[in-house]
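J.: This is what each chain is made of:
Number of protein chains: 6
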Amino acid sequence: MDTYIREICSLPVGTEFEGFFFIEHVEIKKHRTGEPYLKLILSDKTGTIPALWWKPPKDADLTIFQRGDVVFVVGHVEHFQQSVQPKLKEIRKADSKEFDSKKFISESRFSIEEQFNSLLEVIDSIENPFLKKLLENFFYDDSFVKKFLKAPAGKTIHHACIGGLLEHTLGVVEICETVAKRFKSIDRDLLICAAILHDIGKVYEYEIDVTISRTTEGILLGHLYMSCEMVTKKIDEIEGFPHDLKVKLLHCILSHHGEYEHGSPKKPKTLEAVTLAYADALDSRVKGFEEHIERELGTNKGWTRRHFAFEVPIFFDGNFNYGEEK
Amino acid sequence: MDTYIREICSLPVGTEFEGFFFIEHVEIKKHRTGEPYLKLILSDKTGTIPALWWKPPKDADLTIFQRGDVVFVVGHVEHFQQSVQPKLKEIRKADSKEFDSKKFISESRFSIEEQFNSLLEVIDSIENPFLKKLLENFFYDDSFVKKFLKAPAGKTIHHACIGGLLEHTLGVVEICETVAKRFKSIDRDLLICAAILHDIGKVYEYEIDVTISRTTEGILLGHLYMSCEMVTKKIDEIEGFPHDLKVKLLHCILSHHGEYEHGSPKKPKTLEAVTLAYADALDSRVKGFEEHIERELGTNKGWTRRHFAFEVPIFFDGNFNYGEEK
Amino acid sequence: MDTYIREICSLPVGTEFEGFFFIEHVEIKKHRTGEPYLKLILSDKTGTIPALWWKPPKDADLTIFQRGDVVFVVGHVEHFQQSVQPKLKEIRKADSKEFDSKKFISESRFSIEEQFNSLLEVIDSIENPFLKKLLENFFYDDSFVKKFLKAPAGKTIHHACIGGLLEHTLGVVEICETVAKRFKSIDRDLLICAAILHDIGKVYEYEIDVTISRTTEGILLGHLYMSCEMVTKKIDEIEGFPHDLKVKLLHCILSHHGEYEHGSPKKPKTLEAVTLAYADALDSRVKGFEEHIERELGTNKGWTRRHFAFEVPIFFDGNFNYGEEK
Amino acid sequence: MDTYIREICSLPVGTEFEGFFFIEHVEIKKHRTGEPYLKLILSDKTGTIPALWWKPPKDADLTIFQRGDVVFVVGHVEHFQQSVQPKLKEIRKADSKEFDSKKFISESRFSIEEQFNSLLEVIDSIENPFLKKLLENFFYDDSFVKKFLKAPAGKTIHHACIGGLLEHTLGVVEICETVAKRFKSIDRDLLICAAILHDIGKVYEYEIDVTISRTTEGILLGHLYMSCEMVTKKIDEIEGFPHDLKVKLLHCILSHHGEYEHGSPKKPKTLEAVTLAYADALDSRVKGFEEHIERELGTNKGWTRRHFAFEVPIFFDGNFNYGEEK
Amino acid sequence: MDTYIREICSLPVGTEFEGFFFIEHVEIKKHRTGEPYLKLILSDKTGTIPALWWKPPKDADLTIFQRGDVVFVVGHVEHFQQSVQPKLKEIRKADSKEFDSKKFISESRFSIEEQFNSLLEVIDSIENPFLKKLLENFFYDDSFVKKFLKAPAGKTIHHACIGGLLEHTLGVVEICETVAKRFKSIDRDLLICAAILHDIGKVYEYEIDVTISRTTEGILLGHLYMSCEMVTKKIDEIEGFPHDLKVKLLHCILSHHGEYEHGSPKKPKTLEAVTLAYADALDSRVKGFEEHIERELGTNKGWTRRHFAFEVPIFFDGNFNYGEEK
Amino acid sequence: MDTYIREICSLPVGTEFEGFFFIEHVEIKKHRTGEPYLKLILSDKTGTIPALWWKPPKDADLTIFQRGDVVFVVGHVEHFQQSVQPKLKEIRKADSKEFDSKKFISESRFSIEEQFNSLLEVIDSIENPFLKKLLENFFYDDSFVKKFLKAPAGKTIHHACIGGLLEHTLGVVEICETVAKRFKSIDRDLLICAAILHDIGKVYEYEIDVTISRTTEGILLGHLYMSCEMVTKKIDEIEGFPHDLKVKLLHCILSHHGEYEHGSPKKPKTLEAVTLAYADALDSRVKGFEEHIERELGTNKGWTRRHFAFEVPIFFDGNFNYGEEK
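Protein chains in written order, with this note's numbering: chain A, 1 to 326; chain B, 1 to 326; chain C, 1 to 326; chain D, 1 to 326; chain E, 1 to 326; chain F, 1 to 326.
Source of the hints: derived by calculation from the structure; they are not laboratory data. All the pointers check out, no bait thrown in.
Note that identical chains are pooled: a pair holds if it fits in a single copy or bridges any two copies.
Once the Cα atoms are required to be at most 27 Å apart in a straight line, the calculated DSS-like pairs of lysine-lysine come out as:
1) Lys39 - Lys55
2) Lys301 - Lys103
3) Lys132 - Lys233
4) Lys55 - Lys30
Starting from the given sequences, assemble the full structure and let the hints guide the process.
T.: Structure, rendered in structure tokens:
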């Protein structure tokens, strides 16, 4: 039975367990006798523990275990210096078909299928033929959609989960719709199109293997630029796409972080761009608060520790409703 | 017939006109002969012009005209140094019943009555009995409501019009509702109550005489504090109002500018406070963009000048829909 | 005999000791045999050490010990991994009458009684009848005075001690008197009244149990607002208190952090407010330097480590005079 | 004979002059008689003056003169309110072949031809075949080269002249070569290629008609993004161009403003990117100082006024060598 | 009789006047006839007016009048475009013995002699022999003292008057004494010595001719550095002056602006340095407020305009006591 | 044989070694028996390890070993808690003649002799006789030169090595020469002289004992001021040195950090000062990147960790050429 790390921590000393884990760190160490052993740090989405493969078989090749591998282990609980540090009696690299990746990375609490349907409905409501065609070229392309539905919207700050990009995209779209209804001078189709495409570069900025990491391209170029390059390429394939419409759409994407210090090379200078930037900030900040509360307080009430990016501790004494919605 | 300043500017030299105007500035000057005359700067909501009362009757008391008065004048168009500078043949202080204050300050483009009804419906939807009672104590109080419905939400940056506070309040409430539907851990009643009350101090921060100005109290204390003081007084009259609910509500109000540099003594530290702060920023920034476009471009398209607070010029080539909605 | 933690650290291995300590952290751990033991972190105002209750009696209820309790313990010194980690043979919860709270939190180095008398003399010197009445309503109220005399002016940055608020208040008053003598346009009574009341909200912002902590209300609202609310309530009870005097006084309190980024919702805009803000900064910064030197260098000379808030290390090679003054 | 505005200002009252001028502003005004006349503001690169066409022929169509036109005028010097305000007796729109555009915008003080040859030599020295091909695809393309050689590197801050982009590009290349010689770990070909391409988006960010202005696309997207889009398109046409080389090159361009607040969406994260960013800052800041000195002091020594962007006045008491080099 | 500009402005048209004035600006203009005339801007400490020498004698050399000269003029009041613009019938350069420089620059409201005596008493109270010797070497040196007593402490922000440096120095000393009495670990002699010397570089940073201006050396090096250089030179002449005492004293001077962004190359890192920095800020900010109120409101109450450096308008409704004290 | 710490870490358990090491930290500890032993942290430029002198002779004086000593030790490798922690059988204080200081601090990768020759050639090329004399007075003074050639240009951020100051000085000179060739209005001699002298205060700001540390004077005054004081003293010895040249030279030095927030009390206000400031930033930032890559990646490629001052991680996949050049 596949055990979670949170469970191992509460097992009595000596209890046997087995399961699949992600290798965060691995080192080959030596006993005083000169015999090698393996020191590992194992993780899943519930936490992290050290573990030792204390007595590997003489002929074992210890070098095959690498950071980033998922392994299957059998071991029993031990304590060392008052912390849990299991000893393993068996360890082998796992095949990706054997384990459920949800053990390592969480998923959007909304149904991905239902959300994607909502997104398609929104696309369907676009009247501007060029923008509609552009969106269809992205979202009727199965290979792109497959990546999009899996992508997270972040690594640590908000929507750091499978389907996080989709969830965030819909959250921003909803807010933009609300605002566009009140402010009639807004070009609603342009705004909604920009809202849908604003973060698509995250499909390549992040990489989900077993956990989420940022790609070298992502760190060097960022999703603002990458989204624009992707949109530009698709636009170039659409005959007659108006140049000024392209410029206004790219401006929305390029400026959606709102301020230079948040990495936007341009500040919003149109009604649509300014709406998108503030809607994006609203959805991602509220989600970031919610995720921090969940991570820090679990089912308790009270104060979290200070959030490293928001620079405040958060107080929560309400009712928990951030669980699964599906 | 009451003439607007914008109209006077396009009248041929010599044309007679009459109308009510606000005195922005007044000085008693002397001709070389030693005879006094009056130099005025007159305004209404369409603009500002200099004017001269060149030959007042010998026995006229010129000192009765003060900055802030509304006067009725009769004059004819003259040019001086290539600008319009009418000469007046008659001027007298106007009684406030004679003129329509809408000549001097614009009004929300939405119907105040309909909006207030919407607000009352929102209040009706609050389930928390303490919060509902608190809101009722404000909005079932005719003398407060009268001031509230007239108050602007700003002097220059956004919603600088009669009914602007109501319009902005509803805009923020709508966005908060959208967000509260997605994020179920939010205490929706607390959030909506905070959204309704967040700017009520503006009732006393601004003063509408003929134009909008800030009161001394408003400049020294500000609406964040003033709203809190008003809410505290009303809460103290409600028996059994929970202390922690009061603290959470005041925190939302006190932190709704989001950042210290925007004048919040506290940064948002709860889900409701962070939602309110970002929703407020979104509604007021979009409105500020819209008003700047309207003021600068009128019915043209293209670039506005740089906005003094947002620090960007704004580009608009869309369809104008920021006119009257009533 | 009640031993201080600083003393325990220099005792030879094996020495017995006893004393009262504050529980910073507590965990129930298990021996390999499955038997439970207690791991504690104990503190007093001289420092912090880990300790183990290695062999509790079989029937002991280990769950009664909580963070925040003061306990009486008997134990002997042991070393673990080159640090002191005593083993306890006895531990029980202490009654608050048994121990001296000064073991856990330091006190102002000036006599509280003498300082309070000085404060009353200052109040007596106020000539404005409304301000005098206001101050008397605070400082002739025994239940408020009792809290005020005990309150600290901070948790970590400055005057973090019993009586710290009183000491800081007098320090600011002295500087304000000096400035008011030179600048005759200052309303001296208003300035001194504001100086006395500027931080009174700290009475409820901080909580002294055995150590100093911030209350939830304190973190969500802050002493700037809380002081104003307290002052407003008292003013409302004084008949005829002039509205403009109230506004000027509240402005001094609300703006006394001087800059938005230090949490003032308004910058000082009167002579009295600007004097108070700079006098407050002066007294608290110098005290903060002194406390950092004392904490870091004790009786040595040289460099402290970098202060986390002032962002500099501090150099001191002078004569130590920050000891007791009483 | 074509007269410069600087010359007109020193002509005696009544002197006749003629010449070509740029219309900065134009208005149709009316005499008291109702007869129309034309009020203009005329400019060339030496300055700006008001002028009046006081008595146009009855049948003249005054509406044909627009801001941005170049006109040929004949007039004589008059003074109005102690300033020069010529009256014109003749005015007609000029054909672009009639006048020399150098009257309206200055040119790089280095020979454009010689500089372009230097640039081609630098390109020739690149050994990396992909980067060389990329550069050749830009600089062996006559239609691009034509635009590039004319483009300015700025509108006001630095290199605001025809050929300014070329001059600045070479200045940055020279500094990069110096640094690459000392720091051998730098990929010199990548650095030089990035230096040559870093600002090419300015070809479309600015528009030189008679004077320099920024395009709508330029204001909404900026040359950082526009350069990247241009480079990406050319790279996509080169078979086998390594993806990581593309990413590193785009990173240099995207980060070359060095800091978020200067409009870079990414900070430099490679040796080449950091070298380019600092070399660009060095060349443009020194040029900006030189241009400000020249503009403000002419051939005098002493202090300039405060530079609006550098936020200092500049002191110069040296020898002038910023004249023509050709 | 020497007339002030403030008086001229209220004289009836045609009235004759005479007096000494400072030339802010001068231009030789021409009548339509070709005859030259002089256009001047004249000032004294009460204000500024334009004036014309409309009909100079044929043989007058108009070029001898330069910005910075003080002239004696005789003229009569005329109005031009509703402003006062006198016509002069006589103008000649004044000898510096003829006029009182107090007409052009104000003086400290405290007696310079009494203040200097206070300063000498403070110096007398210093016990550290090296610091006392250092101070005596400055303040027993008549040629230095003469400059010191005249020097202003600023050009616009605070203490911009003759004797301003002395007044400010004593203000800072008083605050430092107050603080040193409370904080016994402060080296009082070091602090007071630093307070006396902290701004002495202003003796050469500013130049009082007829008005206050900054010297080129002052703008390029600043009084922080200049004070340190002056102190270093004097210290080098004192045998046995301890090196560490010199370093601590220079540190106080170099860091007394408190923050990098206020021009301190080092932040305060000793008790004395931090006290000096905050005392300096307190005295100069309060004085700056007072001067702004005086300049803007004169004998009125209410709001000033926004202060360009403090970035707030100031409210004053108190009793005026910032007049002469002597 | 003298072993490096990097080597010890890879030796098998039990292996004997000997060598010279720097004491980073030392404590006298006690066995349970009460017998004392020594716990040390030893370092050289390749790293840091803990070590125990477990069984010192009964009569050994353990107190003679101090932080900062270099000791010679003989020991063998042991592991404790999976880290290397050797036990020593012998330890004695080393005489500074016994060991090579290069074991503890690295040296510039360029030959110090060759670089100094280059510097002398540059000095020789200066034509301005006063600047040349000034430079000669520094660099023909053997005792100064000895210190200069050894000095580092930093402790952690860039050029933290013996000869680092010389290497950095030449790097800046080279860039300045490149810029001066293009911008002919620059006073090349002044610029090069300023480049050579800009950091000479570092000779006393840093102290190389066995490792680099900052002096108390260095922390309190900083090299900007210290360089100026050194230059001023030398200038005072040169008869007829023009005052304005001195002021311009000191301005270059004082402003070479470019911005207030980087510790410059003045921003650059001359062509030479602005060139120096940007050239200094360029050379030190590129070197800082290179050193961080070397330190973090060694001979690997990929990403470094985030640089603490530059606030980015650095990517390097190029060819390593930052080794020895001599």
